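Residue numbers for the sequence shown follow my numbering, beginning at 2 and rising by one.
Some hints could be false.
What the hints assert, rightly or not - Listed next, with one range per pair, are the computed distances between beta-carbon atoms:
(1) 73 <-> 113: 31 to 37 Å
(2) 68 <-> 114: 35 to 41 Å
(3) 132 <-> 41: 31 to 37 Å
(4) 26 <-> 67: 27 to 33 Å
Unchecked claim - Heads up, simulated BS3-like pairs for lysine-lysine below, C-alpha to C-alpha not over 25 Å straight-line:
(5) 109 <-> 61
(6) 118 <-> 52
(7) 61 <-> 118
(8) 31 <-> 54
(9) 98 <-> 118
(10) 6 <-> 31
(11) 42 <-> 52
(12) 98 <-> 54
Derived by calculation from the structure, the hints in this document are not laboratory data. None of these values were measured; they are calculated from a predicted model. Idealized CB from N, CA, C, for every residue including glycine.
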Amino acid sequence: MSPRKVLFICVENAGRSQMAEAFANRIGLKASSAGTIPASKVNPIVVEVMKEKGIDLSSKTPRILTLEMISQAGLVVAMGCSVDQVCPKPMLAQMQKKLVDWNLSDPKGRPLQDVRKIRDEIERRVGEIANVERSVLKDR
């Protein structure tokens, strides 16, 4: 059996959710990411800090969140769902999906050292998801 698909979401899909998707896919999870109001490109400072971890996000393009993405996900993780008008909670309720909200700071406009801290916290949390998924698969 393979792990369930993880969907990482944020408003612009230009920072946190892109980092989470990249870390998850690198360690063998099946992951994707999207945003409710996608930016035109991935945040350049995010591209820079991910290069430090050996991950190139320079060719990634932010994507819009769709009901199909939600329906295909086994786990939906929001990076910080604090703005009601852009938070996909109604979409998730419609699809009967539970939202896990990590409530992480947005790297947009933040200094490099703050973005590194956000990146490292995302990497840690993605690792926790991987550990849980492996444990569940082992017990099946």
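To see whether the hints hold, each was checked on the structure:
1. 73 <-> 113: 31 to 37 Å: holds, 35 Å
2. 68 <-> 114: 35 to 41 Å: holds, 38 Å
3. 132 <-> 41: 31 to 37 Å: holds, 35 Å
4. 26 <-> 67: 27 to 33 Å: At roughly 19 Å between Cβ atoms, residue 67 and residue 26 fall outside 27 to 33 Å, so the hint is violated.
5. 109 <-> 61: holds, 17 Å
6. 118 <-> 52: With a Cα-Cα distance of about 15 Å, the restraint between residue 118 and residue 52 holds, given a limit of 25 Å.
7. 61 <-> 118: Distance of about 22 Å is within 25 Å: holds.
8. 31 <-> 54: holds, 19 Å
9. 98 <-> 118: violated, 29 Å
10. 6 <-> 31: At roughly 5 Å apart (the allowed maximum being 25 Å), residue 31 and residue 6 satisfy the hint.
11. 42 <-> 52: With Cα atoms ~16 Å apart, residue 42 and residue 52 stay inside 25 Å; holds.
12. 98 <-> 54: Answer violated: residue 98 to residue 54 is near 32 Å, above 25 Å.
Hints 4, 9 and 12 from the earlier list are contradicted by this structure; the remaining hints agree with it.
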